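Got two chains here, each in a separate frame; can you build the complex from them with the hints?
Protein chains in written order, with the numbering used here: chain G, 1 to 284; chain S, 285 to 608.
Just so you know, the hints here were simulated from the structure itself, not pulled from any lab data. One thing to keep in mind: the hints can contain errors.
Pulled from the structure, derived: some chain G residues nowhere near chain S, Cβ distances all over 12 Å [unchecked claim]:
{"hint": "1", "residue": "Leu70"}
{"hint": "2", "residue": "Phe87"}
{"hint": "3", "residue": "Pro173"}
{"hint": "4", "residue": "Glu229"}
Covered, in the sense of this in silico footprint (three residues per stretch, anywhere, with C-beta under 8 Å from a C-beta of chain G), are these stretches of chain S [stated by the list, open to error]:
{"hint": "5", "stretch": "310-318"}
{"hint": "6", "stretch": "394-407"}
In this text the structure is predicted, and so the values were computed from the model without any measurement. For every residue, glycine included, the Cβ atom is placed at its ideal position computed from N, Cα and C.
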Amino acid sequence: MRNRIEALSPYVVRAMMIVLMGLLIISALMTVFPFFWSAILSTHSRETIFSTDITLMPGDALAANYAKLLEIMPFWQAMFNSFYVAFLGTTVSLLFCSMGGYAFAVYRFKGKNLLFGVLVGSMMVPPVLSLIPYYLTVKFLGLMDTHVAVWLPFTATPFCIFLVRQYVVASIPRELLESARMDGAGEFTTYWKIALPLMKPVLATVAIVQFVFFWNNFLSPLVVLNSTENYVITLALRSVQNLPNTPWGAVMLGTTISMLPILLFYSVSSKQIISGMTSGAVKG
Amino acid sequence: MTHETPKQGWLARLFNPPRGSAPYLFLMPYIVLFLVFGLFPLLFSIYLSFHIWNPIKGLDSMEYTGFENYVLAWGDPVLWKALYNTVWLAITSGLAQHLVAIPTACVLVALGSRLRHWLTSAYFLPYVTSTVAVSLVFFSMYSPNTGIINKLLIALSESDLFGWAFSWVPDVMPLRWLEDTFLVKPAVAFLVFWKYTGFNIVLYTTGLMTIPRDLYEAARVDGASAFRRFWHISLPLLRPFIFFAVTLTIIGNLQLFEEPFILTRGTGGVGHSAETISMYLFRIGWEYLDMGVASAISWMLFILIGILTAIHFKLFGRQGLGEH
Numbered sequence: 001m002r003n004r005i006e007a008l009s010p011y012v013v014r015a016m017m018i019v020l021m022g023l024l025i026i027s028a029l030m031t032v033f034p035f036f037w038s039a040i041l042s043t044h045s046r047e048t049i050f051s052t053d054i055t056l057m058p059g060d061a062l063a064a065n066y067a068k069l070l071e072i073m074p075f076w077q078a079m080f081n082s083f084y085v086a087f088l089g090t091t092v093s094l095l096f097c098s099m100g101g102y103a104f105a106v107y108r109f110k111g112k113n114l115l116f117g118v119l120v121g122s123m124m125v126p127p128v129l130s131l132i133p134y135y136l137t138v139k140f141l142g143l144m145d146t147h148v149a150v151w152l153p154f155t156a157t158p159f160c161i162f163l164v165r166q167y168v169v170a171s172i173p174r175e176l177l178e179s180a181r182m183d184g185a186g187e188f189t190t191y192w193k194i195a196l197p198l199m200k201p202v203l204a205t206v207a208i209v210q211f212v213f214f215w216n217n218f219l220s221p222l223v224v225l226n227s228t229e230n231y232v233i234t235l236a237l238r239s240v241q242n243l244p245n246t247p248w249g250a251v252m253l254g255t256t257i258s259m260l261p262i263l264l265f266y267s268v269s270s271k272q273i274i275s276g277m278t279s280g281a282v283k284g
Numbered sequence: 285m286t287h288e289t290p291k292q293g294w295l296a297r298l299f300n301p302p303r304g305s306a307p308y309l310f311l312m313p314y315i316v317l318f319l320v321f322g323l324f325p326l327l328f329s330i331y332l333s334f335h336i337w338n339p340i341k342g343l344d345s346m347e348y349t350g351f352e353n354y355v356l357a358w359g360d361p362v363l364w365k366a367l368y369n370t371v372w373l374a375i376t377s378g379l380a381q382h383l384v385a386i387p388t389a390c391v392l393v394a395l396g397s398r399l400r401h402w403l404t405s406a407y408f409l410p411y412v413t414s415t416v417a418v419s420l421v422f423f424s425m426y427s428p429n430t431g432i433i434n435k436l437l438i439a440l441s442e443s444d445l446f447g448w449a450f451s452w453v454p455d456v457m458p459l460r461w462l463e464d465t466f467l468v469k470p471a472v473a474f475l476v477f478w479k480y481t482g483f484n485i486v487l488y489t490t491g492l493m494t495i496p497r498d499l500y501e502a503a504r505v506d507g508a509s510a511f512r513r514f515w516h517i518s519l520p521l522l523r524p525f526i527f528f529a530v531t532l533t534i535i536g537n538l539q540l541f542e543e544p545f546i547l548t549r550g551t552g553g554v555g556h557s558a559e560t561i562s563m564y565l566f567r568i569g570w571e572y573l574d575m576g577v578a579s580a581i582s583w584m585l586f587i588l589i590g591i592l593t594a595i596h597f598k599l600f601g602r603q604g605l606g607e608h
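Extracted from the complex, chain S is given alone in its bound form (with noise of 0.2 Å):
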C-alpha cells in the first residue's frame, strides 16, 4: 500500500492532508476566528483606550490622547456609583446565592433520586432560560400598580391571618420596585439570586455526592449530630467546590448587565441608582458615542475583576484547593 497520490487537485489535499499538516487544519477555524475576533480587537482596544474617537466619523478621526480616557472615566462619579452599584449586587445576590444554595444541596442529597432530579430541574430552570426574557416577566411582576408582588403585599395586609405583620403595607403602597433608588437594587439583587442560585446548587450537589458515605456513617457512630456532620465534614470537603463556585460569582457578577439593562429599561435607574459598571459603559460606548473612554473603563473593569479574583485565592486559594 503506497500513499503517493499523484497530482492531488487542492480540494483532495485539503480533506486528505499530509499527517504533518493535519493538526493545522484541523485548528484553522479556531485561529482564524481568534485572531479575528479574539487577539487584534484584543490590542486594538488597548490601543483605542489611549485615543479619542467616534466611531461614526471613521477611523481618520483618531486621535492620541495618553491617559486622559482613564483619568476621565476615574474622574466621572458615576463611574464610582456604577463602581459601587456593581460590587453592592455583587456581594448581596452573591452571598445569598451561596449561603442557600449549599444547605439546600445538603438536604438535596439526603432525598430519594426521583424527587431530588424534580427539584434540581425545578431550581435550574431559570439558568437556561433567556435572561431578557425572564427580566420581561420580573418588570411585569415588580410593576407598581399592576404587579403581582404590590398586588400580594396588599392582599396580605387585608387577610385576617397575616394582616398584622403587614399593616404597614397600606401606608407604603404602591411600592416603585424599580422607581425608587433605595429598592431597586434589591430588587435587581433578587432577580439574580433568582437566577443563579439553581446553578449553584446543582455543583454542590455533584460536590455533596462526591463525599464517600461511610464517613458520615462513622461520625453518625460516635454520635455526631446532623449539624455535626454538615460542620465538619461536608463543609470542609465542599471547600474545593465552593472555592470555585464563588470564583465563578465573582467573575460572572462583576460583569452584570442584562438584569439590571431590563429591569431599568436601560436607563439605570434613578440618579443611576442600579447602573452597573457594564452599562456604564455600553452607554458611553454606544450611546455617548466615545469609544476611547468606553476601552478604557473595560480595562479599568477588568483589572477589577482580577484584582478581587486575586484576593480571593490567596485569602482562600490554599485551603480552596484542598493545599494540594
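Bound-form chain G, shown alone (with noise of 0.2 Å):
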C-alpha cells in the first residue's frame, strides 16, 4: 500500500498537494467568516436580518443601526474608558516590567532567587484562583469603581519581567553596562540612557501582549466596574445581550467597531503580533 502511493505519479502527488491547499484555504475563509459576518450585519436592518434568505452584501442600515447603538450604550464612553486602560496599562507595564527585568538580569543582591523562584512560581497560579482574592483587595483598598483597579494590579505580570530578564541576559553585554557606570553613570542612568534603549525589541513583544490583554479583559472589569459611565468596552457589550428584542445590527456594529483597533493593527504587523503572542510559549 505504502510503496503504491509513493510509486503514484509526481502529478497524483501534486494533486493532492493542491487539495490540501484548498482545504487549508478554505478553513483561513472559515475561521475569518465570523468578522465579516458581524461587519455585515451591522450593516442589516432588523428586517433583513430576520428574513429567511442569506445575504452577504451590506445593507443600508449603517446610519440607523449606529444612532440605535448610541442609544443602547455609552458606546463612545466605554471606548474611551477600554483606550484609557489599555494605554496606562501598557506604559506602565513598560517601565515596570522593564525595571524587573533588569534587575534580575543584572544584579546580584541577597533574596535574589528566592524572588525568582516566587516570579516563577506565580506564572503557575491560574488567573481564576486570584479572582476572588484580586476583588477582595480592590474593596480594601477602596478602589471598587474605579479604572486604576483594572489596570494597576496587572502591570508588573511575572510573564513579562521574565521576558525582559531573558533578553537582557541574552543580547545585552555587561561590558556595556559596566563602562557606563565607569564613566560616572548613577544606576537609573544606566538603565534608563543605555539599557532602556537596547530593550526595544523586548518593549515591543511586552507591549503587544499587555494591550491586547488590557483591551481584551472582562474578567476583572466585570467584578469591580459597576457604573455604566465607568464600563470599558467588554462590559458595554455584553450588557446589552440581555436587552428584550436585541437590536442584534447595533450591537455588531459596536462589536465590529470595538474589534477594529485590534484588526488594524493586525493587518499591519500580524508577524509581531503572532510572535508576541506567542513568545512565552514558543521560547518556554
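Okay, here's the thing in C-alpha cells:
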C-alpha cells in the first residue's frame, strides 16, 4: 500500500497537495468569516436580519444602527475607557516590567533566588484562583468602580518581567553597562539611557501582550466596575445582550468597531503580533 | 572621579541609588504589587475558604466554619454538573484543537512562505480578538430564527445539490443551539476550538521548523512515504511541543469562563447544561454573595488543575520532554 502511494506519479502527489492547499484556504476563510459576518450584520436592519434569505451584501441600515447603538449604550465613553485603561496599563507595564527584568538580569543581590522563584511560581497560579482575592483587595483599598483597579494590578506581570530578564541576559553585554558606570553614570541613568534603548524588541513584545490583554480583558472589569459610565467596551457590549428584542444590527456594529483597533493593528504587523503573543510559549 | 556627592536630596538618591539598593528599587513595583494583589489575597482566600462571609456586610460578619464551605460545595450537585461540563468541554475542544493543528502545521511548513504567512495570520486572528466580542458574534450566528447557521442549514436542505444529505433539517428546525441541553456544549466547544486552534497551529509550525530538513531528505532517499515521514520523524520530534501545548490547553480549558458565559447570557444554560466551574464560582461569589464557598471552590479548582496537570506530566512528561 505504502509503496503504491510512493509509486504514484508526481502529478497525483501534486494534485493531492493542491487539494490539501484548497482545504487550508477554505478553513482560513471560515476562520475569518465571523469577523466579516459581524461587519455585514452591522449594516442590516432588523427586517433583513429576520428574513430567511442569506445575503452576504452590505445592507443600508448602517446609520440607523449607529443611532440605535448610541441609544442603547454609552458606546464612545466605553471605547474611551478601554483606550484609557489599555494605554495607561501598557505604558506602566513597560516601565515596571523593564525595571524588574533588568534587575534580575544585571544585579546580584540578597534574596534574588527567592524572588525569582516566587516570580516563576506565580506564573503557574491560574487566574481564576486570584479572582476572589483580587476583588477583595480592590474592595479593601477602596478602589471599587475605579479604572486604576483594572489596570494597576496587572502592570508588573511575572511573565513580562521574565521575558525582559531573558532578553537582557541574552542580548545586552554586561561590559557596556559596566563601562557606563565607570564613566560615572548612576544606576538609574545606566538603566534609562543605556539599557532601555537596547531593550526595544522585547519592549515591543511586552507592549503587544499587555495591550491585547487590557483591551480584551473582561473578568476583572466584570467584578470591579459597576457603574455604566465606567464600563470598558467588553462590559458595555455584554450589558446589551439581555435587552428585550436585542437590536442585533446595532450590537454587531458596536462589536465590529470594538474589534477594529486590534484588527487594524494586526493587519499591518501580524507577524510581530503572532510572535509576540506566542513568545512565552515558543521560547519557554 | 569620586562618587562622593554630599547631601543628596531624596529624589536624587532615588534616581541615583547606591549599587546595593538599586535592584530592590528596580523591583519595588513588582514586590509591592505582588504583596498587595498576589500573596496577601491568596493567603486571605485560604483563610476565607474556612469562613462564612458576605462581602456586603463588612468584615465583622465573618464567621469561622471549618471545612463547612468545602463540604457545602462538595454536596452541591451543581458543582458536579459544572465539573462534568468543564471536563467535557476541555476534552472535546482540546482534542479537536490538537488533532487539527498538528496536520495543518505539517502542511503549512511545506508551503511557500508567503502563502504560509497569509494562512497563519488568518488562523491566528481569533486568538488576538476579544473573547467577549467574538462570543457575541457567535451568539448571533447560533440564533435559532435569525442566525446564519440555521439559515445555511435550511438553504442546504432546499438546494438541489446537497438536499438529499440535509433532508432531516426541516424536521428539527429551528435548532436552538444555545438553549438545547444537548446542543449547547458542542456549540460552546466549537467556539473554543475556533478561537484557540490558530494558536496551536503557530506553536506546531514553530516546532516543525526546528526539525532539520536533511532528516526528511534522508528518509525520502530511503523510500519512506509522506505519511511515514510524518509518523516517524515529525511526530516524535514534535513531542516536546505537543506536551507543552497540551499543558497550556489543560490549564486554560479548565478555567473556561467567558465563552460559555456570553453564549448562555451568564445563565449557564438550561439546567446548568453549559455551566463551567469558573462560572459556578462566579455565581456563588457574586450573585449569592457567598465568598467563603466561592473561595473553597476556587481552591478545589486549583487542586483539580494540579491533579490533571500532574497526571499529564506523569504520563507524558518524560517522553514529552525528550527524556533529557
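* Asked: Which earlier hints can't be squared with this structure?
  -> none
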